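Student: These protein sequence lines are chains E and A, in that order. Okay, so the first sequence: first residue is 1 according to this note's numbering, each after it adds one. Okay, so the second sequence: first residue is 1 according to this note's numbering, each after it adds one.
To be clear, the hints were calculated from the coordinates, so they are not data collected in a lab. Because the structure is a prediction, the values reported are computed rather than measured. All C-beta atoms, glycine included, are put in the ideal place defined by N, C-alpha and C. Do not take every clue at face value.
What the hints assert, rightly or not - The following label-pair restraints were derived from C-beta to C-beta distances:
(1) E:N18 <-> A:K17: 27 to 37 Å
(2) A:V115 <-> E:E53: 43 to 53 Å
(3) E:K56 <-> A:G28: 38 to 48 Å
(4) A:V12 <-> E:Q14: 33 to 43 Å
(5) A:Y18 <-> E:N18: 21 to 31 Å
(6) E:A81 <-> A:D57: 37 to 47 Å
(7) E:E15 <-> A:P70: 31 to 41 Å
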Amino acid sequence: SQQGEEDPQALSIQEGENATMNCSYKTSINNLQWYRQNSGRGLVHLILIRSNEREKHSGRLRVTLDTSKKSSSLLITASRAADTASYFCATDGAGGFKTIFGAGTRLFVKA
Amino acid sequence: GAGVSQTPSNKVTEKGKYVELRCDPISGHTALYWYRQSLGQGPEFLIYFQGTGAADDSGLPNDRFFAVRPEGSVSTLKIQRTERGDSAVYLCASSLTGGTGNEAFFGQGTRLTVV
């Protein structure tokens with residue numbers, strides 16, 4: 001089963017615009033991570049935010065976490081065509097050892 | 001090695017056959033994970049190793065699936081009596097230590113097609 005659900009399922013924007021993806025989850029977490037995947041193969045870790053953090057930045061990425069609403073958002077500013085990929089949120093399952101992924105948001109950035 | 005290596009990158013097998021998928025984690029990483037990803041879905045957890053032992057195998061779908069990591073490094077995912085529904089990309093990841101608070105590094109996956 002998948003704990004996280006991303007919204008929207010797909011997003012198409014123009015280069016230079018900002019892209020916002022949301023993730024909702026069901027049970028309490030210790031941390032939440034965002035990953036990126038190109039062409040359905042290997043995933044690349046983008047950012048990790050712990051349950052006691054509310055916001056984190058990394059380059060053009062901004063992640064927020066609202067544990068009261070069990071939700072997170074990933075903002076990519078000034079998007080580029082190279083940002084075209086699928087983005088997944090991932091949370092820790094019971095016991096804290098396994099990472100559970102959502103179904104992902106497919107982002108398409110038009111040049 | 002420089003990253004997580006998975007072999008083969010693609011595998012086509014006939015229904016009912018046995019397959020083995022190999023994962024070489026990053027040197028020194030004690031935690032190793034296997035995931036399965038179907039088209040349009042997120043990765044689905046299968047099994048987690050801490051060292052040589054399977055710390056959590058709750059994601060293995062049935063007893064046709066088995067994984068080993070005998071020396072705490074390379075891992076092999078074994079699937080017996082393959083079925084068409086086993087077709088997916090099988091992803092392996094490793095991290096320096098166990099626990100989800102650590103960054104996991106993924107391999108490029110093995111695309112398994114059962115015909």
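Student: Give a verdict on every hint.
Tutor: Each hint, compared with the structure:
1. E:N18 <-> A:K17: 27 to 37 Å: 48 Å, violated
2. A:V115 <-> E:E53: 43 to 53 Å: Holds, since A:V115 and E:E53 (Cβ atoms, about 47 Å apart) stay within the stated range.
3. E:K56 <-> A:G28: 38 to 48 Å: 27 Å, violated
4. A:V12 <-> E:Q14: 33 to 43 Å: 40 Å, holds
5. A:Y18 <-> E:N18: 21 to 31 Å: 49 Å, violated
6. E:A81 <-> A:D57: 37 to 47 Å: 41 Å, holds
7. E:E15 <-> A:P70: 31 to 41 Å: Because 49 Å falls outside the window, the suggested range is violated.
Of the hints listed earlier, those the structure fails to meet are numbers 1, 3, 5 and 7, in rising order.
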